Structures are given as C-alpha cells and as structure tokens.
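Participant: Residues per chain are reported as follows:
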Amino acid sequence: MASANPYKTYLNIWLLLMFLTFITVYAAEFDFGALNVPIALLIASVKAGVVALHFMHLKYEDSMTWVFAIYPLFLLFLLIAFSATDIFTRVAN
Amino acid sequence: MTDHHDFDKNYLENGKGFKSWFFTVDHKRLGVMYLWAIGVFFVLAAIASFLIRFEHLSPGQTIISAQTYNVLFTLHGAVMVFLFIVPGVAASFGNFLIPLMIGARDVIFPKLNLYSFWIYCAGSLILLLSLAAPVDTGWTFYTPYSIDTGTNVILVTFGVFVLGFSSILTGINFIVSMHKLRAPGLTWDRLPLFCWAAYATSLLQVLATPVVGITLLLLIGERYFGLGFFDPAKGGDPVLFQHFFWFYSHPAVYIMILPAMGIISEVIPVFSRKPIFGYKAIAYSSLAIALISFLVWGHHMFTSGQSKLINIIFSVITFAVAVPTAIKVFNWLWTMYKGSVELSAAMLYSLAFIFLFTIGGLTGLFLGALAADVHLHDTYFVVAHMHYVMIGGTVFGLFSAIHFWYPKMWGKMFDEFKAKIAFTLIFIGFNIVFFPQFILGTQGMPRRYFNYAPEFETLHQLSTYGTWILGVGFIYMLYTLFKPVGAADANPYRSVSLEWQMPSPPPTLNFKEIPTVTTSTYDYGTKVEQEA
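Chains as they are written, first to last, in this note's numbering: chain A, 1 to 93; chain B, 1 to 532.
Any given hint might turn out to be false.
Unchecked claim - Each computed DSS-like pair below joins lysine-lysine, with the alpha-carbon atoms no more than 30 angstroms apart:
{"id": "1", "chain 1": "A", "residue 1": "Lys-59", "chain 2": "B", "residue 2": "Lys-180"}
{"id": "2", "chain 1": "B", "residue 1": "Lys-111", "chain 2": "A", "residue 2": "Lys-59"}
{"id": "3", "chain 1": "B", "residue 1": "Lys-412", "chain 2": "B", "residue 2": "Lys-9"}
{"id": "4", "chain 1": "B", "residue 1": "Lys-338", "chain 2": "B", "residue 2": "Lys-180"}
Unchecked claim - Quick look at which bits of chain B chain A covers, simulated, 3 or more residues with Cβ under 8 angstroms:
{"id": "5", "stretch": "236-249"}
{"id": "6", "stretch": "305-311"}
The set of hints was computed from the structure by calculation and includes no laboratory data.
Bear in mind that the values here come from a model prediction, so they are computed numbers and not experimental data.
For each residue, glycine too, the CB sits at the ideal point set by N, CA and C.
Chain A with its partners taken away, still in its complex shape:
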C-alpha cells in the first residue's frame, strides 16, 4: 500500500516464497532426526510471516491490527505448551 512500487515488492516476495519452497523440498531429502518437524515448521512460519506482512499488508497497519494478529499466536503457543507439558510429563501406569 505505502510501498512506492508494490508490484516489484510482490514479485520479490513471490520469488522469496518460491525459494523457501525449494528449501522445504530440499530439506526433506535429509533426515535431521528430532529436528525434522521443527525445521519444516520454521521454514513454513517464515513463509507465513512474509505473506502476512506483505500480501496481507500487516506491515502497513496500525498497532491495534498488530495486537489482533499477534494474540492468536500467543494462544497457539499456550495450546502447544500446555498439551506438550501433559504429554512429556505423563507417567505410564
């Protein structure tokens, strides 16, 4: 929106996303053990972040929109943190 040449930015972002997709596929060739899922999630999160910032214009929005964008991530963290606390501290009978 506020960008001087939005089409150029969008093209660059698209190229970045294509590159990250390539990285995703390339990374899948290797077995990182326990890090397989975290690495895949990290790359996907970077892609989602870039889409939210540029294609969804979050970068140009006011602080209230940022609050609404960030808060669900906090809830997602809670969902994973509490469920994981259960799963990793469960004692089998």
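Following the hints, position chain B against chain A.
Facilitator: Just chain B, lined up with the frame of chain A:
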C-alpha cells in the same frame, strides 16, 4: 431491502413475506430471526431432555431403549450447545442491540451479517440431517468411541464445523462495529456493559472457534481416511483430542455465559434506579474472563490420564476464574443496595440468574479441586453444575432479555402478572429438576447411564417431576409472550440507555441523526435522569 431508506416505517413493517426477511441486511430482523431459530432448537432439545428424564422414572427400561437413550442425550447436548446456546444470546440480542446501543444504523458489515445467518441455517441443516442415523457419542465426540461407532459422526461434526464459520463471522462483525461505529462521545468507558460482554464474547468466538473446527476435521480425517491423530496404535493420542476439543469448548462456556452477564448488567440498574456499581470492574472482568478461559481447559480432563503436573497447573488456574466472576456478582448486588428495586418479570429472571449462577459457579470450584473431582467426575454432580450455569445462568439471562426488551422489539407489552407466575413455575421446576442431581452425583450416580441402582429411584423421580413443572412454566411463559396486552411506549421502563431513546419498535435505520453521547449509560437517580 429496496425500501431500506424509509425512515418512517419501523423494522417490522418494512417489508412483508419470506424474501423480505430471508434477504434482509437489517441487524434487528437478523436478531429476531436468530431468536426464532434458537427458540425452535431450544424446544427441540428440551423435548429430548423430557424424554430422557421420563425414562428415568424407574430403573431399567421405562419408555425407550438404551440406544435411543444414547441418541437422545447426544441430540439434546449437540442441539443445545451448537444450535441454541453458543449462537444464543450473542447472535440474537447481540445483533438486535449492539448497533442500537452504540448509536449506529447497522453493524459495520451488514451483508456479512446476513451471510453468517445463512451459514448458521446451513450448518444447522447439516447437523439435523444426521438424524437419519443419529449419533450416540455425546456432544463431546470423544475418541476413540467417535472413531469406532457406526453412527453418523461425520455429518454432525461437519455441521458443527460449518456453524463455526457463522460464529467467527458474527464475532468479527461485532468487534469491528464496536471499534469503528460508536457514536460521537460514546467512549469505551461509556459503552453499555452488554456491549463489553458481547465484545469479550466475540473475541472468544474469533480466537477459539478455529481450533474446534480443525479438531473436528482431524476427527473426520481419522474416521474417513484412517489417519492416526488420536489412535495410539498409529502413534496418535486419544487425550490429544480432549486437549484440542476443550481448548475451544471451555472458552465456549464463556461464549454462552458472558452475553447473559451483559444482560444482567443492563437490567439490574434500570430496576434498581441506581447507576451500575463498579462499571470498570464489570467491564474489565469480562475481558479477564475471556483471557483466563483459555488457560483452564484441562480441568475437564483430570481423570483422562493426563499428567499430574498439568492437572495441578490447570486446577490452580481454574480457581482464578472465580475472581472476575465474583467481581461481577458483588457489583450487581452492590448496585441494588439501597436502590429502589422493582421486581418486574425481567428483574426476577435477573435476580434468579445471580442466585442460580452463584450455585453453579461455586459447585464448579468443587470440580476444579483435584481430589474432589476424582469422585465427582462424570457423575450427576457435573450434570447439575453445568445446568445451573447454563440454564440458571444463560437461559435465565435470555429470558430476562426477552422480557426486558420485549416492548422495544415488538412495540407491545406483555402481562407482567402472568409473566411472574410463569417465572415462579420455571424457577421452582428448575430447582426440583437439578438440585436432586447434585445429591445423586455425590452418591455416585454416573451421568449418561441408561440404568441406575434402585437406591437412586426417589431422587430420579423427584428430578423427573421437576421437568413437568418446568415444562408447564415454560409453556405458560410462551403463552404470556404470545398474548400481548397493548402497545408499548418508547421507554416503558424509563431506561437512559440509547436503544430506549427511539420509538418502539425501532425505525429501520434506527437513528435519523447519529446521536452524540454526553453522559454515562447508567445515570439513574441523578440529575440527568430527572431532566430526561
């Protein structure tokens, strides 16, 4: 829609016939249609509950088979939760009141509002189609049974998935409306408390509903494609379903109750002729409830086999919910203190809300305590607790709203005396149904059981007799409401809130000129009211 700009006609007269309602973008008409829809589903689910209670008149089979019993309690739970109480007060009175209360002509996205209603209709239809092979899982769809049962789980869960979109879109509409459409001078600290409650509810709808949507998709994936999210044999975890389900469904409890709390905050000052006590405390406690409600879901799972550590964490946080809830209750009581209390029908329902919801809330603390919950989990104590909250709280709040805004909504008055008789029957009937269930629960009567031991017979019978009184009271309430006794003034209860400062029923576009707000919404017994 074509004669949308007719200022002189009220919203009820502005167009006749099916099309003028089903394609309307008027928030008031949508509110009324939601009210009718949830009313019909309430009656449907209530009939199921009457059959369930009738079955319990004697141990063993009384009138229906065990499988029919399982189907009926699932139908009762699923319809009451997903079709009645979750959309409930927020969609019906939220739609009707929020634009009036904030001084706007409609919600900010009127077409999206209509779209939400259509999605609600579609989701309801899909859910009801499952009646062809009715589900017997209970409304919680717990794995592994929901994976294994031969009944129509996919259709029901898909119906709930679709309904979720209606909930999310309505929530977004309300949040943005309250941010963008408040009349000049209507600052956040002058906003009616019903709007604050609806705002907190909308946050929950937007933030929590996607999780249950995805969870039910995972369930469908597991049932249909054999994916192993919840099946231990495939590396899944059945308790994970409960985590995901309650991550939504606990906040959903507050989606159900918060708008009703908003209603109580509106009704009590009007019939006490006093400004609301502790405005900011009530407003912020709604947000606090919305925040904490995301942190307590594990208290539904104390006996599921989840870890001891997380049990303790969830138990401690659960007690924290009692604080903002108690803040509301004390502030309502303080509002009445030394007020000029008028016991109208609407006020009686609100007072009953405080009384019954407090019982429901405090028994929730028993269930939040780990050691007590091990004994009480999955017994009638839980059934009684949640009905004291959901009926004693939300439904009594809804009934209070139906009576309080009846003149505004329909432009007519009902017979106060008859309404009070109906209230008395409902109040007595309700307590006879559910109080014995607390005792049954502490004695070990499990919930969702078709049969029971002979020593429970007397209390079960008492509970069933209560449903008859409750049913008569409810029918009498409907009779009273469908027999108006004359036209209503614009403001029969002398409220100072914005929605009463216009004709009853309101004109299609609400305000000829957007008002400028200069005082609090609760200036009762002050100079402002006397001048008005």
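Participant: For each hint, tell me whether it holds in the structure or not.
Facilitator: Against the structure, the hints:
1. Lys-59/A - Lys-180/B: 21 angstroms, holds
2. Lys-111/B - Lys-59/A: The given pair, whose Cα atoms are some 28 angstroms apart, holds under the 30 angstroms limit.
3. Lys-412/B - Lys-9/B: Distance of about 16 angstroms is within 30 angstroms: holds.
4. Lys-338/B - Lys-180/B: Violated, at about 38 angstroms.
5. 236-249: holds (count 6)
6. 305-311: With 6 residues in contact (Cβ-Cβ under 8 angstroms with chain A), the coverage given for the stretch 305-311 of chain B holds.
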